[in-house]
Amino acid sequence: MLDIQFIRNNSQLVSERAKQKGYDVDIDQLLGFDEQKKKILQQVEALRQQRNALVDATKKTKPNPDQINQGRDLRDKITNLEHQLESISREYDILLMKVPNVFADDVPLGGEKDSLEITKFGAQDTGAQDHLDYMISRDWVDFERGAKVAGSKFYFLKGDAALLEEAIKQYAINFVIKKGFLFMTVPHMVNTKTAVGAGFAPKTSDDSNEYFLENEDLTLIGTAEAPLTGYHADEIIPEKSLPLFYVGYSPCYRKEAGTYGKHTRGLFRVHQFNKVEMYAFCTPEQSQSVHEKIRGIEEELWQSIGIPYRVINIASGDLGAPAFKKYDLEYWSKADGVYRELTSCSNCTDFQARNLNIRVRRDNGQIEMLHTLNGTAVALARSLIAIIEHYQTDDGKIRVPDVLVPYLGNRQVL
RNA sequence: GGAGGAGUGCAAGAGCGGUUGAAUUGGCUUGUCUCGAAAACAAGUGUGCGUGUUUUACGUACCGAGGGUUCGAAUCCCUCCUCCUCCGCCA
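Note that this note's numbering numbers the first sequence so that position 380 is 380, with each residue one more than the last.
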């Protein structure tokens, strides 16, 4: 969520940015609730003050009947006002949670097509066999049996494809560790507080991309970003220990309902995939450079694997609620002759941090919200697509990218 | 899953209806002392919200979470969560 103080002082901007992100929120109504809430709170506190004074006066002696009656009267008034406060607070909270983060000045306005290309790597060759056809021909993937045991868009990876996935994972984790990130495994389910705090839809929402567990306050994670965001919830971190860099590995579960019209062939959009995710906690003044650093790691990593790509600065309408700025790295599909999303990194500024109460204690003792950032190192299913499209040999094999050779028992070809 | 115990400030740990925002000890910060350090001594040391002459101040809330009882709750009652011990089960 945003800081109410910030919304009070910048209501025009917040309202405009929300619209440009494609969110419909009534800032004036929110500020109205804010005013009412404040007014009632002041009344409640004045009454509490009276009550405390009364109690104070009767500390040494037993209260007389008159004082007890006064106390009863105060109690009833306070209870009554507290109920009012509670109901207004509820509406206020709902509205406040709906306000999306603002975004950076250099974020292009508009929708998916308005995202701006920033940089490009490698050639835009064509003529590769489609990954799904190829993998089926090698008996590397089985969607039919995936559907049998779970449902459509579930799959088994088999043989060398599964080994290749493990190799990419190991390579990526080691790559990112060398950049100063601490490797962690994470819970694959999170409670509602954590899920919503990280910016994911709650169970009550009907357009959620998440899987929920019956009779439990648990959501299957769609990304390790969720547990990693919650890792430092309700903590105050000393300034000198920031920035903190973590890299998590986890499966990602996504319903992907209502993805009609989106590219869904093969492994590109599935209900479950594995991902190596970078995460950072830092001070507000560090977050821009940390964002560039994470983007730089993604580029370096994918260059080292030898996959052509471009980086785009995501347009406002595609940013989502938490992101202040987002880069996507899109690999060049040699089979289809288009760029497609491979990784993504976002600066969420203090939006997630405020939800989960994650703060920094400055060297001078001051306390404020810190900033959080996340970025994909490798999303394994899509990584397989990219490699299989770009490393097909003339005799129908897959040449192993040089950097992955040590992770495949020194095999050069699969 | 069953039985029992416990959750208090940075940490350990007291308090079990009013004098407790919270004893005591340790940690940390500052000061005295010292060439410096240690030791000793002294003082300080939470967070949110609101008000204000917005650096000193005042009010209010917070003792796992949420409800309740009461004139008054860290203290009593209820529900939930977490941790520990024992039993069961199990990779």
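Don't read these hints as lab results, they were simulated from the structure.
The structure presented is a predicted model; accordingly, all values stated were derived computationally and were not measured.
Some hints here could point you the wrong way.
Said to hold, decoys possible - With a Cα cut of at most 25 Å, we get these calculated DMTMM-like pairs of lysine to aspartate or glutamate: (1) K153 <-> D142; (2) K120 <-> D395; (3) K98 <-> E112.
Q: Could you tell me which of the hints above the structure violates, numbers in ascending order?
A: 2
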